[in-house]
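Sequence lines, in order, name chains A and B. Convert by adding 370 to the 1-based position in the first sequence; the result is the number in our numbering. Convert by adding 370 to the 1-based position in the second sequence; the result is the number in our numbering.
Among the clues, some could well be false.
Keeping only pairs whose Cα atoms sit at most 27 Å apart, straight-line, the calculated DSS-like set for lysine-lysine is [said to hold, decoys possible]:
| # | chain 1 | residue 1 | chain 2 | residue 2 |
| --- | --- | --- | --- | --- |
| 1 | A | K444 | A | K408 |
| 2 | A | K425 | B | K444 |
| 3 | B | K375 | B | K425 |
| 4 | A | K383 | B | K375 |
| 5 | B | K457 | B | K385 |
| 6 | A | K455 | B | K385 |
| 7 | B | K374 | A | K425 |
Quick caveat, the hints were computed from the structure, so don't treat them as lab data.
There are 2 protein chains.
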Amino acid sequence: MAVKKPNEILISKTKRVEDYVLDVIVMFNQGYDEVELKGVGNSIYKAVEVYNQLKDRLGDGVILEKADIGSEVKDRRRISYISIKLKRVY
Amino acid sequence: MAVKKPNEILISKTKRVEDYVLDVIVMFNQGYDEVELKGVGNSIYKAVEVYNQLKDRLGDGVILEKADIGSEVKDRRRISYISIKLKRVY
């Protein structure tokens, strides 16, 4: 697995969408202006949900800088991922 | 539901990923240079899979022009969607 960037949040099954929304807000408050959400496989849908719920809460305070999709090979299997770059606006 | 564009493919549960990959290739052959994949709700993952399998087949022949995510209200519920714009390269 690739090394996780400090401002990257990997979306998985362990936490609820609301928890990830809170994680992003906490990171914004810690001074990160950009946060990257990464969802792999079945968590792709969840990553998009996190973005939408965050958008509901922060409105114009957050913008979608870039949404990127692709695939990576893990344990000899190709897995799809989505990477969502969010930017905090003041 | 919004009016479907002629070059838009709405990903749903009815067909397999392979069928959608074929649909895109057929549309490219019909002369469309740009094809838009739209996946709503749980089909978001499937839409990304279609893109990746297409990329496997066409390689540099197809490029990801834009991936957009957002939400829309349907039957008073907010549903997440992904819109993937693909471009044919000759």
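(request) Sort out which numbered hints this structure fails and list those numbers smallest first. (result) Structure breaks hints 4, 6.
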